[in-house]
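Asker: Generate coordinates for the entire structure from the input sequences, incorporating the hints supplied.
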Amino acid sequence: MSLLTAEDLNVWFDLDGGRELHAVQGVGFSLEPGERLGLVGESGCGKTTTVLGLLGLLPPSASISGRVLLNGVDIVAGGEETMRPHRWVDLAIVFQGAMNALNPVKTVGSQIVEVLELHERARGRDARARTGELLESVGIPANRAERFPHEFSGGMRQRAAIAMALACSPSILIADEPTTALDVMVQAQILELLDSLCRDFGLALLLVTHDLPVVAELCDRAAVMYAGEIVEHGPMDALYHEPRHPYTRLLFAATPDLHGEGVPASIPGTPPRLDQPLVGCPFHTRCDRAFARCTEERPVLKELGDDRSAACHLNDVVAEVV
Amino acid sequence: MRGADYIVKRIVFALLTVFVAITINFALFRLAPGSAVTNLARVPHATPETRLAIKRQFGLDKSKWQQYWIYLGQLFRGNLGVSFANSQPVSSNLRTALINTLPMVLIGTVFAIVLGTLTGVIAAWRRGTKTEGASVTTALAFYSMPTHWLGLMLVILFAGVLPTGGMSNEFLLNPSFSTHVKDLAEHIALPSLTLGLVLYGEYTLIVRSAMLETLGEDYILTARAKGFRAGAILRRHALRNAMLPIATLIALSLGYIVAGAILVETVFSWPGIGRAVYDAVLQRDYPMLQGAFLLLTVSVVFFNLVADLLYFKLDPRITT
Amino acid sequence: MSVVLQEPAALDDAVPVRSRRGIVWETVKRRPSALVGAGLLALVIVGAVLAPVLAPYDLHEQVGPVFGRPSWSHPLGLDDGGIDMVTLLMWGARISLVVGFAATFVSMVIGGAIGVTAGYFGGKVDTILMRITDYFLVIPDVPLMIIVAAIWGPSLFHIVIVIGILLWTSTARVIRAQVKSVRERVYVKRARSLGASHMRVVLRHVLPQVAPLLIANTVLTIAVAIFDETALAFLGLSDPSRISLGKMIENAFQRAAISTGAWWAIVPPGVLVAVIILACSLLGGAIEDALNPRLRVAHLSARTFRLRPLVGRGPEAL
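Protein chains in written order, with my numbering: chain V, 1 to 322; chain H, 1001 to 1320; chain F, 2001 to 2318.
Just so you know, these hints were derived from the structure itself, not from any lab.
Since this is a predicted model, take the numbers as computed values, not measurements.
Just so you know, even glycine gets a beta-carbon here, dropped at the ideal spot from N, CA and C.
Possibly wrong hints are sitting among the right ones.
The calculated DSSO-like cross-link candidates involving lysine-lysine, where the alpha carbons are at most 27 Å apart (straight line), are [stated by the list, open to error]:
{"id": "1", "chain 1": "F", "residue 1": "K2189", "chain 2": "F", "residue 2": "K2124"}
{"id": "2", "chain 1": "F", "residue 1": "K2029", "chain 2": "H", "residue 2": "K1130"}
{"id": "3", "chain 1": "V", "residue 1": "K106", "chain 2": "H", "residue 2": "K1009"}
{"id": "4", "chain 1": "F", "residue 1": "K2180", "chain 2": "F", "residue 2": "K2124"}
{"id": "5", "chain 1": "H", "residue 1": "K1313", "chain 2": "V", "residue 2": "K106"}
{"id": "6", "chain 1": "F", "residue 1": "K2124", "chain 2": "H", "residue 2": "K1009"}
{"id": "7", "chain 1": "H", "residue 1": "K1009", "chain 2": "F", "residue 2": "K2180"}
{"id": "8", "chain 1": "H", "residue 1": "K1009", "chain 2": "H", "residue 2": "K1313"}
Footprint (simulated), chain H over chain F, 3 or more residues, beta carbon under 8 Å [what the hints assert, rightly or not]:
{"id": "9", "stretch": "2156 to 2170"}
{"id": "10", "stretch": "2195 to 2206"}
Answerer: Laid out in structure tokens, this is it:
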């Protein structure tokens, strides 16, 4: 039994005029204790919506279906009421751009204290002391707790958000684009911090990002998302050296290599609209290996052995190299 | 103290604005064509000696620049001239009028703020439901009604039940304290209700807008992710943050309540500042007009300053 | 009501918004509040414009007793001069709308010019113009209107000018913020570097972007202008030779309509004014909302997301 398992997760958003946007389509993955999984894809592919769906943090215009098993127990079944008790204490999330993720008119310390008090880990003076400890553990001097978010630099805000996420000792940490909008030096520090914290506290990490080098550095495995569904899933090395989906291959190829070998190729075209039913493979219009079957039949995520899976017709053709 | 220089700057700006207002006031009344206006010494029923004294006092026989200087001096000493209508000093007339207006406006405003905040928060909370639609439509409806017309509607509705004119019943002889209070309360009810209803419409819309914007902010999502219940999030984060624009906008609107007060006081014959302005216009009582106008301008500047300082105090992000 | 209601952010120099061509028309078509507002407004305008043709009776013809009661031939009764109320309403709406539109035009021209100039040129020009705007903002408008109208004398022309002179400030601020943001756009900079004159850049590039916001602001200003006209009329400062809706209310008030129980002389004109103001508020507000990218998702609401039964289109593995 895994720590966290998502099964057949679907999310729809209501649109004007009675239409719907099918933002997350049949997503599934699992996470073991201490394991690090990357959720990768372009902006708008549904990765953030997926993790928000895990915690039930969707707006009223959303509908969700599927199962989210936390230690074997489905928490989606009862809606908000069954999902809320697990927030922060089992699954904690660090959002991107901690500028507004922290309330600008309250001190940073008070926002950590309130979590401690809400989940009854500490009260009053103890809570403040614990807050100080948490801040120190991410490299922020404890006396900064009295300050407001705008008095912190971008990197410090992100650290504070991480400290806040760890306050109730969750078993899973979700990081949504933790390094976007930070400059390169700071990015490296944050990644290092995440790495050491997860190791020290045995946290499972679900890292959501569009930035491949980040995933490569931190994660053991990755799930690649496109147009709301997972198109490939497997260990990082395998994905890089031996991708089994054209999108994965092109994604890695599109990442500029600091050592200057080869020209980064961008993927032409745009992702499909998700407010209309799709025929065939969602990627076929941009794929360099598409053939007849791709335009008619939608590929299903199939296991390929060695803990890998991919949703591509090419894998059915024996001895065909993607 | 944080931003002491900011506060000082704002106060200086306010004083400057008052000064400009004073100058405009002077220009408007003394420089406008027509001897009726410039002839401030034309106090009716005054003896020739009094007129001469007034003329000297206000320097009406001197050049405009000198008049301006004298005017400033007079103002500084609190001398706003003498009313044409009742030959009393303008300043004491204004003081009486102000004392009459304040309770009425205060009650109406408090009513509007309380009701408006309540309905605004509920409308934002229940966004997209019929409740929201109904709240917003009602608020818009009251906001759209001309103040004086609403007053007249209330008069029609409550004729016979509540008094519709004046501040108290002048025919009560030696009333007991409780009777007197009851009488005052009855008289103040309709005018303050009128003002309150018109303001409530505006405040509902302001509060709803501010709340909706706050509820869309990322830290609300964070609070939800932390496991807080909706009610707690509203209290701890949403309301606290929405207070910022709400408080400042309300403070700003207070400066303009005068417009509503003028209309309400005219409908209900309430002897306050608004009524004083109206009467002064009718009777061409220029000293009163000038004094009242100055008072009103200063009050707007004052409330603008209050709004500025409030904003500064409530938002830790502003440091200069 | 002397403040044109804007978003809370209007507090700190309104956040600039993106405009698209045809967004005004789109909004009117799509949003119910805009549709209602535009519809009502159109109705009133048509009724007012066609007053000479549609009015059932002559405007100056006494057709019955003073404050005659409503009847089949006079659904809204008669006023204090025995004139048919429905006729009066149509003609009154005409004058009120004329004053409202004219005053708004004046304020738009002043406010627009100042806003565009301040926003486009920035720097010292901007600072000076904004200082002036700030001072105008501080003057309590109704008292000033009263005083100027009293000194100048009641005539429609004076009223229009007086109202217009006080309403331009909010327009100036809003337009200035928008112009500032448009000025920074790439195609504007390109046009300038290619040698286009200021005038050309403003007319061809800046104004079209600013237009939708200007329209929204105009509509909202009309609402305030009409309110101001009724207020001035009520205080006896409007043109006595023309009947506006505000004047109708004032007449009824002065001639003791209430004590004689002639509610039909007071209620309808006020309702019509309220309808006009409401329509303008709905329409202007809807356009403003459409231009505003900030009213996005509500992270918190009374309603929550919904659950659906399992779909079953998931992966076969895992």
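Asker: If a hint holds in the structure, say so; if it doesn't, say that too.
Answerer: Against the structure, the hints:
no. : hint                 : verdict
1   : F:K2189 with F:K2124 : holds (20 Å)
2   : F:K2029 with H:K1130 : holds (21 Å)
3   : V:K106 with H:K1009  : holds (26 Å)
4   : F:K2180 with F:K2124 : holds (14 Å)
5   : H:K1313 with V:K106  : holds (13 Å)
6   : F:K2124 with H:K1009 : holds (19 Å)
7   : H:K1009 with F:K2180 : holds (26 Å)
8   : H:K1009 with H:K1313 : holds (15 Å)
9   : 2156 to 2170         : violated (count 0)
10  : 2195 to 2206         : violated (count 0)
Taken one by one, the earlier hints fail for this structure at numbers 9, 10, listed in ascending order.
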